[in-house]
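If you read the protein sequences in the order shown, they are chains A and B. Residue numbering for the first sequence follows my numbering, beginning at 4 and increasing consecutively. Residue numbering for the second sequence follows my numbering, beginning at 118 and increasing consecutively.
Hints should not be assumed to be uniformly reliable.
Said to hold, decoys possible - Selected chain A positions facing chain B (Cβ under 8 Å, derived; list incomplete): (1) Pro45; (2) Met78; (3) Phe155; (4) Ile363.
Said to hold, decoys possible - Covered, in the sense of this in silico footprint (three residues per stretch, anywhere, with C-beta under 8 Å from a C-beta of chain A), are these stretches of chain B: (5) 169-182; (6) 222-235; (7) 245-254; (8) 270-279; (9) 308-319; (10) 341-349.
What the hints assert, rightly or not - DSS-like mimics (lysine-lysine), calculated; alpha carbons at most 30 Å apart, straight line: (11) Lys360/B <-> Lys230/A; (12) Lys360/B <-> Lys425/A; (13) Lys187/B <-> Lys23/A; (14) Lys48/A <-> Lys358/B; (15) Lys59/A <-> Lys120/A; (16) Lys22/A <-> Lys187/B; (17) Lys348/B <-> Lys66/A; (18) Lys305/A <-> Lys358/B; (19) Lys363/B <-> Lys305/A; (20) Lys482/A <-> Lys421/A; (21) Lys305/A <-> Lys360/B; (22) Lys129/A <-> Lys192/A; (23) Lys230/A <-> Lys363/B; (24) Lys348/B <-> Lys230/A.
The hints are simulated quantities; they were obtained by calculation from the structure and are not laboratory data. All C-beta atoms in this analysis are idealised placements derived from N, C-alpha and C, irrespective of residue type, glycine included.
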Amino acid sequence: MSTNSIEKLPTYLAIPPLKKDSMVGNGPFKANIEIQKDLGFPGEKVDNWQQVAINKIAETKSKYRSVQVFLDSCMKCGVCTDKCHYYLGTADPKNMPVARQDLFRSVYRRHFTFAGKYFPKLVGAKDFDEDMLDDWYNYFHQCSQCRRCAVFCPIGIDTAEISMAAREIMNVIGVGQKYPNQILGKINKIGNNLGMPEPALRDTLADLEEEIEEETGASVKLPLDIKNSEVLMVTPSADFFAEPHIDGLIGYAKVFHQSGVSWTLSSYASEAANFGMFIGNYDVMRQGALRIRKAALDLNVKRVVVGECGHAWRVAYSFWNTLTGLGGGGSDEYSLKLQNQLDSNYPQPQHMIEFTYDLIQRDKLSFDKSKNDHRVVTFHDSCNVARGSNMGDIENGQFILPREVIKAACNNFADMHKSTIKSTTFCCGGGGGLLTDDLIDLRIKGAKPRMHALKQSEQDNGVNTLAAICAICKSQFSKVLPNYDFDPYMIVSVHQLVSDAIILTKDSET
Amino acid sequence: MSLISIFFILFFYFSVLVFITGLSYKVVQYWNTPVPLKIPIAPAPLTKSGVFLRLTKEVFLFETLFKSSKWTWLFGWSFHLALVLLFFRHLVYFWPGETPSILLYTEPLKYAAYPLIFGLIGLLGRRIFVDRVRYISAPSDYLMLLLIILIGASGMLMTFANYYVDLGLVYNFAEGLITFNWSELPKEVIFLAHIFPVFFLIAIFPISKLLHGPGIFFAPTLNQVDDARKKRHTSNWAMQKEKNTKIDLEHNQDKGN
């Protein structure tokens with residue numbers, strides 16, 4: 004297995020020639036009966052799965068314009084073929100975005116179009132048979148829904164929309180992926196992806212407070228379930244326990260401490276991540292968002308701030324207002340209730356980076372940048388932030404703000420090659436519900452383009468620190484960096500850099 | 118009237134009918150299909166005028182294609198531009214009654230046939246020689262290129278080489294199609310080989326990948342304004358869920374103070 008060997012990176016990352024079926028396989032572990040039932044999906048593959056799937060395709064394309072238009076419109080120009088990190092890393096042709104879509108499109112054509120019904124060979128239409136379903140399961144779980152291909156598509160086709168729809172259809176026939184579906188069960192029952200109950204969370208936060216006080220002498224608080232706080236902080240639960248995430252959480256706490264703004268976490272909505280997006284299920288995604296709305300209303304906060312998590316920020320920024328009315332401009336009951344309660348002087352929701360950036364702009368934070376002088380930092384734009392959201396409500400704000408925050412805390416910053424950052428950033432290789440050990444081979448290969456750019460930066464600029472604002476990116480990099488001969492601890496949260504350099508006021512205020 | 122003229126006249130009306138009804142059906146279908154979520158793709162414009170500018174640049178300049186692949190852009194853009202120019206060049210044949218003088222100045226547009234063929238050969242070459250593009254190509258993808266090459270090549274032979282076709286007959290035939298005053302078409306094979314694939318492509322437009330034409334205007338990734346936080350984006354079926362939701366406030370959560 005390539006898992007334990009160190010990949011030699013070439014000096015120039017060439018587009019690989021096709022290696023057919025190089026990633027053929029059974030795909031990730033499947034969800035068992037209980038996991039599927041928890042989400043309201045059939046426990047096992049239903050007998051008439053083909054008919055159910057075809058009906059579901061019909062329903063999906065009638066509910067999502069994206070799916071209908073994207074299935075019709077592709078002219079097979081092929082410019083997306085060399086843009087996917089999984090293709091570049093595996094050379095399997097079915098990992099080319101258009102070929103991945105074609106798994107879906109060929110079935111659509113066969114069952115829904117004139118040409119596909121009467122001239123299937125001519126237009127590449129195929130029956131939805133067992134082999135096709137196997138390919139669907141395998142290859143739609145080799146897509147991290149990072150949308151890099153969509154940036155390059157001349158007519159805006161977004162493979163993520165197709166891959167989400169495909170996963171939803173597979174779930175409906177009882178063929179679900181274990182990793183995201185199991186996690187979604189936990190968030191629905193307990194409130195976070197870990198299944199960490201309130202007492203455990205409270206203990207963790209208390210320990211962290213002690214730790215910070217010991218280290219800095221400042222009584223930085225990590226409040227939980229405090230009503231009438233100014234800010235409700237919603238962050239990925241990985242921030243509560245995982246390395247390097249937890250140092251980012253400490254960073255948020257220090258920023259709040261310095262800002263004097265009262266804040267709280269919620270034990271009911273202790274998760275910003277929303278895997279409902281990965282499986283393309285509107286209702287499941289909405290349930291996750293509703294927990295946060297409820298927490299915001301219950302705790303009577305004025306602002307909702309989201310921690311460092313890529314897809315969570317896409318869901319929060321782009322979808323929360325639609326899903327729950329948390330944002331501006333809605334006129335229904337909940338929208339009005341939230342608009343009445345939340346402070347309209349701030350965007351709702353707001354990203355932690357926006358919060359910190361705003362304080363920096365107003366000179367409310369001071370830094371000892373020399374604390375980060377042992378680092379030469381580069382920034383990994385996380386795909387969902389980069390391509391599916393904004394920050395600061397200025398064009399390209401999602402690229403500008405994190406870099407400005409880093410530069411405020413660090414003296415040494417250097418970007419990676421321009422074709423691998425910002426809107427054309429390479430995925431870490433673990434997004435979209437693929438951050439599971441049963442996909443480790445894929446994750447290592449998919450990280451290759453990013454690792455290559457990082458290696459160049461290491462050689463050219465002496466980069467030794469990789470900063471990110473996504474829980475999945477951080478976990479993925481910790482795992483795969485050693486495979487490319489990097490130090491696994493070089494990956495940090497942006498707010499860890501803030502945390503290390505921020506100058507704290509010792510007399511704590513409440 | 119000869120059988121072959123009758124065939125082509127009927128074929129023309131059939132194609133136009135299929136084109137109009139089929140395309141209307143697709144456009145109405147796209148229009149009526151809800152867009153439940155905001156999914157603009159970076160670099161996403163924050164204003165409506167930004168979206169207008171983005172789509173204008175995409176439609177007229179193929180801006181994204183230029184960023185994605187310079188060769189494909191060169192072939193694709195020159196082909197499409199030439200197609201538009203040649204369309205205007207052909208209006209002169211169909212214009213009923215006296216030809217407006219503006220159309221007489223379209224004569225030099227005939228040279229657009231060169232970039233047309235250049236672009237098409239390039240696109241075909243890519244399809245054949247780039248292994249990735251070959252992999253994703255179905256027979257219909259080649260066939261369409263070949264048909265348009267046939268249209269361009271036959272047109273060029275009639276225009277620039279010694280393949281004589283009676284232009285008077287062409288004018289009468291084309292104008293007759295518009296005015297329902299039908300007349301015989303020129304029966305030279307080169308002319309038939311020119312118009313047959315044209316009519317055929319018009320007919321298959323609404324049932325083929327040629328739908329990328331209207332499709333680009335309906336892609337939410339390109340036509341949405343990135344303002345989700347400021348304006349609540351809704352769709353019928355998604356809002357229905359909101360109506361059915363009542364959150365039971367203040368129940369599990371009274372630990373703070």
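If you draw a straight line from the CA of lysine 363/B to the CA of lysine 305/A, is it 30 Å or shorter? Since the Cα atoms of lysine 363/B and lysine 305/A sit roughly 21 Å apart, the hinted pair holds (cutoff 30 Å).
Straight-line alpha-carbon gap lysine 48/A to lysine 358/B, limit 30 Å: OK: lysine 48/A and lysine 358/B at ~28 Å, within 30 Å.
Three residues or more, CB to CB closer than 8 Å: is that satisfied between the segment 270-279 of chain B and chain A? violated (count 0)
Do three or more residues of the segment 308-319 of chain B come closer than 8 Å to chain A, measuring C-beta to C-beta? violated (count 0)
For the pair we were handed, lysine 59/A and lysine 120/A, check the Cα-Cα distance against 30 Å. It holds: about 18 Å lies between the C-alpha atoms, which stays within 30 Å.
Hint consistency between lysine 187/B and lysine 23/A [alpha-carbon to alpha-carbon, up to 30 Å]: Holds: lysine 187/B and lysine 23/A sit about 27 Å apart, inside 30 Å.
Taking 8 Å as the C-beta cutoff, is the stated coverage of the segment 222-235 of chain B by chain A satisfied by three or more residues? violated (count 0)
Does proline 45/A pass the interface check with chain B, least Cβ-Cβ distance below 8 Å? violated, 22 Å
Taking 30 Å as the top limit, are the C-alpha atoms of lysine 129/A and lysine 192/A close enough? violated, 40 Å
Mind checking the alpha carbons of lysine 305/A and lysine 358/B for me, to see if they're no more than 30 Å apart? Distance ~26 Å between lysine 305/A and lysine 358/B Cα, so the pair holds.
Against chain B, run the beta carbon of isoleucine 363/A and see if the smallest gap drops under 8 Å. With Cβ-Cβ at 21 Å, over 8 Å, it is violated.
Establish whether the coverage given for the segment 169-182 of chain B by chain A is satisfied; the threshold is a Cβ-Cβ distance below 8 Å, and no fewer than three residues must meet it. holds (count 4)
Hints 1, 4, 6, 8, 9, 12 and 22, counting from the list given before, are not met by this structure.
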